[in-house]
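Q: Residue 1 is where the sequence shown starts when you use this note's numbering, and the numbers rise one by one after that.
Take these hints with a grain of salt, some might be off.
Unchecked claim - Within a straight-line C-alpha distance of at most 20 Å, the following computed EDC-like cross-link-like pairs (lysine to aspartate or glutamate) qualify: (1) K291 with D253; (2) K73 with E35; (3) K238 with E218; (4) K299 with E310; (5) K367 with E377; (6) K73 with E129; (7) K84 with E56; (8) K254 with E218; (9) K36 with E63; (10) K238 with E210; (11) K48 with E63; (12) K234 with D253; (13) K367 with E353; (14) K254 with D199.
As the list claims (entries may be wrong) - Just the calculated beta-carbon pair ranges, DEER-fashion: (15) T407 with A448: 35 to 45 Å; (16) M1 with A272: 49 to 59 Å; (17) N437 with M290: 33 to 43 Å.
It should be emphasised that the hints constitute simulated quantities derived from the structure, not laboratory data.
Every residue, glycine too, gets a C-beta built ideally from N, C-alpha and C.
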Amino acid sequence: MTQFGMIGLGVMGANLALNIEEHGFTVAVWNREQEKTRQFVAENAAKKFTGTTTLEEFVGALERPRRIMMMIKAGAPVDEMLGKLLPLLADGDVVIDGGNSWFKDTQLRAARLLEHNLHFVGSGVSGGEDGARFGPSLMPGGTRESWESIRAVFEAIAARSDSGPCVTYCGPDGAGHFVKMVHNGIEYGDMQLIAEAYDLLRRGLGLEAEALAGIFDEWNRGPLQSFLIEITAKIFRKRDPETGAALVDKVLDKAGQKGTGKWTAQVALDLAVPIPTIAAAIDARVLSSMKSERVAAAKVLPEATPTRPENAQQFISDVHDALYAAKICSYAQGFALMQAGSREWNWSINMRETARIWKAGCIIRAKFLDSIMRAYEQRADLPNLLLDDAFRQDLAKSHEAWRRAVTYAQTNGIPAPAFAASLNYFDSYRTANLPQNLTQAQRDYFGAHTYQRSDQGEDAPFVHSEWD
1 MTQFGMIGLG VMGANLALNI EEHGFTVAVW NREQEKTRQF VAENAAKKFT
51 GTTTLEEFVG ALERPRRIMM MIKAGAPVDE MLGKLLPLLA DGDVVIDGGN
101 SWFKDTQLRA ARLLEHNLHF VGSGVSGGED GARFGPSLMP GGTRESWESI
151 RAVFEAIAAR SDSGPCVTYC GPDGAGHFVK MVHNGIEYGD MQLIAEAYDL
201 LRRGLGLEAE ALAGIFDEWN RGPLQSFLIE ITAKIFRKRD PETGAALVDK
251 VLDKAGQKGT GKWTAQVALD LAVPIPTIAA AIDARVLSSM KSERVAAAKV
301 LPEATPTRPE NAQQFISDVH DALYAAKICS YAQGFALMQA GSREWNWSIN
351 MRETARIWKA GCIIRAKFLD SIMRAYEQRA DLPNLLLDDA FRQDLAKSHE
401 AWRRAVTYAQ TNGIPAPAFA ASLNYFDSYR TANLPQNLTQ AQRDYFGAHT
451 YQRSDQGEDA PFVHSEWD
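Can you build the whole structure from these sequences, using the hints too?
A: Set out below in structure tokens:
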């Protein structure tokens, strides 16, 4: 009998299966295309894999309680697979969905399986192909019992940092997929901020890829140290084998997306949590997809001709500080959204633990996460990372450079939507009196929506005035 089952032998499923087997577990595998199963087992003949041709054979090969992980396309395929598995399973078996599923679907699936005395785990898996093979960041959500059942496997295969294995129990039903969704939203923001920093340096100083690689290498030795900064430097050094030019300059400026960023924005609207940096990143990708429209618009709409900054080193420093400060805001928005989701669905997501498991294995792994861990160690219920003493001091040091970078971008017609959105978020959050008193007065004027008097505090009764 085998100890773990893997359904789906695509890139992620195959690499996770190899990772699990390498850590001492016997693994049964099944794939819809039987040839892929046969080929996988043949290529790994010396390893402890059991190839199966039917789901009945697959389920029968597993010791009880069964632990089955699905690495298949999110959406309808997951429900179809569950429909096929349900008649074959027994009380206490655990089914894990490791895809990027919508967390509300995961909630429904967990409830469905619980009716049959089965456990459903929705688990975020971050780190891509290499992470799956050598150690991902894992974000499982489900019953406590299901977590204890899969814990030994997940802790064995997870990436490891100086803070331990990059996996933790996120909470009941959809909590794991919710945390992964927010992770991906933060990733969108982080990538857009880096792209804007690149654009400012490229267009502002006229820097070529090799010079940019050196700058990003240097940045990766400081507070911006992260996987994304590291790979950005490597990208700048890659040459096009056809032309010898920097390969990044040959990449069409149309960014794709798979939906998790959009979900993050939708949930944030539902929960009334502002995430302007992440929203700006999503908008930027959508705008980038409008290539033909942008090319046509560039021919007819007025443009600003960028002026060269007088002090190149100061400008590079300003862009660095702007990137760091805006990054703080992006993470602050993501963690605020996780807190709101945790309250809404009674998940008790541990913010400190979430930062810890993102320190290795995942796309947004960064030195910066140690500071986030410390912030939540000092105050577990911290409402916003901007209020942490260390981050507050960092923002105090960085905000003037941040303003200069954003001002330069806007004055010279260089789009920097995420830099600006982050700065506006910071300025709005730190402002005691916003102009929405006028907004509320307007609402009362045309719709009798009422308002509270500022001289009576937030607990004041709502009143209506005849404005005309």
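Q: Now tell me if each hint is right for this structure.
A: Structure-based check of all given hints:
As the CA atoms of K291 and D253 are separated by approximately 8 Å, the hinted pair is consistent with the 20 Å bound. A C-alpha spacing of about 19 Å is found between K73 and E35, which places the hinted pair at or below 20 Å, so the restraint holds. As the CA atoms of K238 and E218 are separated by approximately 18 Å, the hinted pair is consistent with the 20 Å bound. Simply put, K299 and E310 have alpha-carbon atoms about 29 Å apart, too far for the 20 Å limit, and the pair is violated.
Proximity of K367 to E377 is assessed by CA-CA distance (about 16 Å); at most 20 Å being required, the pair is judged to hold. Of the supplied pair hints, the one linking K73 and E129 holds, its CA atoms being roughly 15 Å apart against a limit of 20 Å. Between K84 and E56 the CA atoms are separated by roughly 10 Å; this keeps the pair inside 20 Å, and the hint holds. As the CA atoms of K254 and E218 are separated by approximately 28 Å, the hinted pair breaks the 20 Å bound.
Straight-line distance between C-alpha atoms of K36 and E63 comes to about 24 Å, which puts the hinted pair past the 20 Å bound. With a CA separation close to 9 Å, the supplied pair K238 and E210 stays within the 20 Å bound. The straight-line distance between the Cα atoms of K48 and E63 is roughly 15 Å, inside the 20 Å bound, and the hint therefore holds. Distance check on the hinted pair: K234 and D253 sit about 18 Å apart at the alpha-carbon level, within 20 Å; holds.
Between the alpha carbons of K367 and E353 the distance comes to roughly 15 Å, so the proposed pair stays at or under 20 Å and holds. A threshold of 20 Å between alpha carbons decides the hint, and for K254 with D199 the separation of about 15 Å falls inside it, so the pair holds. Hint check: T407 to A448, Cβ distance near 41 Å, so the stated range 35 to 45 Å holds. The supplied range of 49 to 59 Å is met by M1 and A272, whose beta-carbon atoms lie about 50 Å from each other.
Our hint of 33 to 43 Å for N437 and M290 holds, since their Cβ atoms are close to 37 Å apart.
The structure does not agree with the numbered hints 4, 8 and 9 stated previously, though it agrees with the rest.
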